[in-house]
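*Asks:* In terms of the working numbering, the sequence shown has 59 at position 60, counting the first letter as 1, and numbering is strictly consecutive.
Hints listed in this document are in silico derivations from the structure and should not be mistaken for laboratory results.
This one's a predicted model, so the numbers in the text were calculated from it and none came from an experiment.
One or more of the hints may lead you astray.
[As the list claims (entries may be wrong)] Below, simulated EDC-like cross-link-like pairs (lysine to aspartate or glutamate); rule was C-alpha separation at most 20 Å, straight line:
| id | residue 1 | residue 2 |
| --- | --- | --- |
| 1 | Lys58 | Asp32 |
| 2 | Lys58 | Glu84 |
| 3 | Lys193 | Glu31 |
| 4 | Lys193 | Glu53 |
| 5 | Lys141 | Asp63 |
| 6 | Lys171 | Glu103 |
| 7 | Lys141 | Glu84 |
| 8 | Lys141 | Asp87 |
| 9 | Lys171 | Asp69 |
| 10 | Lys141 | Glu95 |
| 11 | Lys225 | Glu235 |
| 12 | Lys171 | Glu190 |
| 13 | Lys58 | Asp186 |
| 14 | Lys193 | Asp69 |
| 15 | Lys58 | Glu96 |
| 16 | Lys58 | Glu183 |
| 17 | Lys193 | Glu96 |
| 18 | Lys141 | Glu96 |
| 19 | Lys58 | Glu103 |
| 20 | Lys193 | Glu95 |
| 21 | Lys58 | Glu160 |
| 22 | Lys171 | Glu184 |
[Claimed, not checked] Derived CB-CB ranges, DEER-like:
| id | residue 1 | residue 2 | range |
| --- | --- | --- | --- |
| 23 | Asp87 | Asp169 | 29 to 39 Å |
| 24 | Ser35 | Tyr135 | 18 to 28 Å |
| 25 | Glu232 | Ile150 | 33 to 43 Å |
| 26 | Lys225 | Thr149 | 40 to 50 Å |
| 27 | Asn75 | Gln236 | 39 to 49 Å |
| 28 | Ser35 | Lys141 | 39 to 49 Å |
| 29 | Pro43 | Val129 | 18 to 28 Å |
| 30 | Lys225 | Ser61 | 48 to 58 Å |
| 31 | Val181 | Pro27 | 47 to 57 Å |
| 32 | Pro140 | Tyr221 | 31 to 41 Å |
| 33 | Asp169 | Glu232 | 30 to 40 Å |
| 34 | Asp63 | Thr24 | 31 to 41 Å |
| 35 | Glu231 | Ser35 | 39 to 49 Å |
| 36 | Glu147 | Glu232 | 46 to 56 Å |
Note that beta-carbon positions come from the ideal geometry of N, C-alpha and C, so glycine has one too.
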Amino acid sequence: MSRVLVSIILALTVIATGCGTTQPTSAPAAPEDVLSIWHSPPSPQSYPPNMSGEVHLGKSGSSDSELETDSLLVQNRQWLDIVVESRDIRLFFYLEEPGAVHFEVVQRYSEYSYDKPTLESLVNPHFNPVTGRILYGQPVPKETEMGEDTIYSVAIRLFAEGLRNSTSVDSKYTIRFINSNVTEEADISYEVYKLNTTPDWGYTYYDDILGPWMMQQLGGAYSESKWEQLYEEWYEQFE
Numbered sequence: 000m001s002r003v004l005v006s007i008i009l010a011l012t013v014i015a016t017g018c019g020t021t022q023p024t025s026a027p028a029a030p031e032d033v034l035s036i037w038h039s040p041p042s043p044q045s046y047p048p049n050m051s052g053e054v055h056l057g058k059s060g061s062s063d064s065e066l067e068t069d070s071l072l073v074q075n076r077q078w079l080d081i082v083v084e085s086r087d088i089r090l091f092f093y094l095e096e097p098g099a100v101h102f103e104v105v106q107r108y109s110e111y112s113y114d115k116p117t118l119e120s121l122v123n124p125h126f127n128p129v130t131g132r133i134l135y136g137q138p139v140p141k142e143t144e145m146g147e148d149t150i151y152s153v154a155i156r157l158f159a160e161g162l163r164n165s166t167s168v169d170s171k172y173t174i175r176f177i178n179s180n181v182t183e184e185a186d187i188s189y190e191v192y193k194l195n196t197t198p199d200w201g202y203t204y205y206d207d208i209l210g211p212w213m214m215q216q217l218g219g220a221y222s223e224s225k226w227e228q229l230y231e232e233w234y235e236q237f238e
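Produce the entire structure from the sequences given, and follow the hints as far as they go.
*Replies:* Printed below as a string of C-alpha cells:
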C-alpha cells in the first residue's frame, strides 16, 4: 500500500475517533466549487500568469545544475496551475530520471521557517484530490515539435493549504529545478497561475465530512480492501 494511502488512513482514524455523528451511507459529495476547478481545462484560461520566467541549468554536477525560482505568495486553500517546459531534454515532476530534468514544488511557512517539498505523491495522483493532480505530461511525456527542437511540457494543478493547527495562513511557493543530465545543459520556462480559493476543502472537508463517513462505513474495524473500496466510490466524482 502506498505512503499516500497509509497517511490518509492514519489521518482519518484520528479524525473519527469518538465521532458519533450520523453520516449518510452513500459517498459524500465534494463541494461544487472544488469539482468545477478540478475538471476545468489547464491554464492559461484567457488570463496571464501570476509568475513566469526562464532558467538555464548547467550539466548535472555543476554549481548551477539546481536552481529555484522567486517565491509567490499564495492564499490559504487556493488552487494553482503550474506549467513547465523544457527544450530538447525530457522533463518530469518529482521523478529523477537519468538524462532528464525534474522539478519540485516547495511550500514555505514563515512562522516556522519551514521548508517543505510538497506534493511528492502527485507522481501517483490517484486517491489524492485534496492535494492536486497532474494535468498532462506525465507519465506519458507531452512533446511539441518547434522547428528543430522538441519541447517537453508538464502541467500540474495544486491545492495550497497551510499547516494543520497553525496560525499561519498564507504561504510562499517556489519551483526547484534539477538537471540530471551529465552531458547537456537545460533551458526551462515556467508559468504559475492562481485559480480560485475553496474554503470548505482540505482539512475542513476531511475532518468534518469524509473522515467520519469513512469510519462509520468501516464500523470501527479497519479493513484495507473495504477502505480502498469506499475511497474508490468517493473518488468517482473526480474522474
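*Asks:* It remains to establish, for every hint, whether it holds in the given structure.
*Replies:* Hints, verified against the model:
Restraint check: the Cα-Cα separation between Lys58 and Asp32 comes to about 43 Å, which exceeds 20 Å; the hinted pair is violated. For the proposed pair Lys58 and Glu84, the alpha carbon gap of about 17 Å is at most 20 Å, so the pair holds. Distance restraint check for Lys193 and Glu31: the Cα-Cα separation of roughly 18 Å lies within the 20 Å cut-off, and the hinted pair is therefore satisfied. Restraint check: the Cα-Cα separation between Lys193 and Glu53 comes to about 19 Å, which is no more than 20 Å; the hinted pair holds.
Proposed proximity of Lys141 and Asp63 is contradicted: the alpha carbons are some 26 Å apart, above 20 Å. The hinted pair formed by Lys171 and Glu103 meets the criterion: a straight-line CA distance of about 14 Å does not exceed 20 Å. With a CA separation close to 10 Å, the supplied pair Lys141 and Glu84 stays within the 20 Å bound. Distance hint between Lys141 and Asp87 is fulfilled; the C-alpha atoms sit about 12 Å from each other, no more than 20 Å.
Between Lys171 and Asp69 the alpha-carbon distance is near 9 Å, which keeps this suggested pair within the 20 Å criterion. For the given pair, Lys141 sits about 17 Å from Glu95 by alpha-carbon distance, which is consistent with the 20 Å threshold. Between Lys225 and Glu235, the direct Cα distance comes to roughly 16 Å. Compliance with the 20 Å bound is thereby established for this hinted pair. Pair hint Lys171 plus Glu190 holds up; C-alpha atoms about 15 Å apart against a cutoff of 20 Å.
Straight-line distance between C-alpha atoms of Lys58 and Asp186 comes to about 11 Å, which keeps the hinted pair within the 20 Å bound. A C-alpha spacing of about 15 Å is found between Lys193 and Asp69, which places the hinted pair at or below 20 Å, so the restraint holds. Only pairs whose Cα atoms come within 20 Å are accepted, and Lys58 paired with Glu96 is accepted, the gap being roughly 14 Å. With a CA separation close to 6 Å, the supplied pair Lys58 and Glu183 stays within the 20 Å bound.
The suggested pairing of Lys193 with Glu96 is violated, with an alpha-carbon distance near 29 Å, which exceeds 20 Å. Note on Lys141 and Glu96: the hinted pairing holds, with a Cα-Cα distance of about 16 Å set against a maximum of 20 Å. Between Lys58 and Glu103, the direct Cα distance comes to roughly 18 Å. Compliance with the 20 Å bound is thereby established for this hinted pair. Note on Lys193 and Glu95: the hinted pairing is violated, with a Cα-Cα distance of about 27 Å set against a maximum of 20 Å.
A threshold of 20 Å between alpha carbons decides the hint, and for Lys58 with Glu160 the separation of about 34 Å lies outside it, so the pair is violated. Between Lys171 and Glu184 the CA atoms are separated by roughly 28 Å; this puts the pair beyond 20 Å, and the hint is violated. Here the CB-CB span from Asp87 to Asp169 is close to 37 Å, well matched to the stated 29 to 39 Å. In this structure the hint that Ser35 and Tyr135 lie 18 to 28 Å apart at CB holds, the actual value being about 19 Å.
In this structure the hint that Glu232 and Ile150 lie 33 to 43 Å apart at CB holds, the actual value being about 39 Å. Hint check: Lys225 to Thr149, Cβ distance near 46 Å, so the stated range 40 to 50 Å holds. In this structure the hint that Asn75 and Gln236 lie 39 to 49 Å apart at CB is violated, the actual value being about 24 Å. At about 24 Å, the CB distance of Ser35 to Lys141 disagrees with the hint of 39 to 49 Å.
Under the hint 18 to 28 Å, the C-beta atoms of Pro43 and Val129, about 25 Å apart, fit the expected range. Judged by the Cβ atoms, the range 48 to 58 Å given for Lys225 and Ser61 holds: they are separated by roughly 51 Å. The hinted range of 47 to 57 Å is satisfied by Val181 and Pro27, whose Cβ atoms lie roughly 50 Å apart. Checked against the given bound of 31 to 41 Å, the beta carbons of Pro140 and Tyr221, roughly 39 Å apart, stay inside it.
Roughly 34 Å separates the CB atoms of Asp169 and Glu232, a value that falls within the hinted 30 to 40 Å. In this structure, Asp63 and Thr24 break the distance hint of 31 to 41 Å, their C-beta atoms being roughly 57 Å apart. At roughly 22 Å, the beta-carbon separation of Glu231 and Ser35 lies outside the given 39 to 49 Å, and the hint is violated. Between Glu147 and Glu232 the beta carbons are some 49 Å apart, a value that agrees with the proposed interval 46 to 56 Å.
Hint compliance for this structure: hints 1, 5, 17, 20, 21, 22, 27, 28, 34, 35 are not met, and every other hint is.
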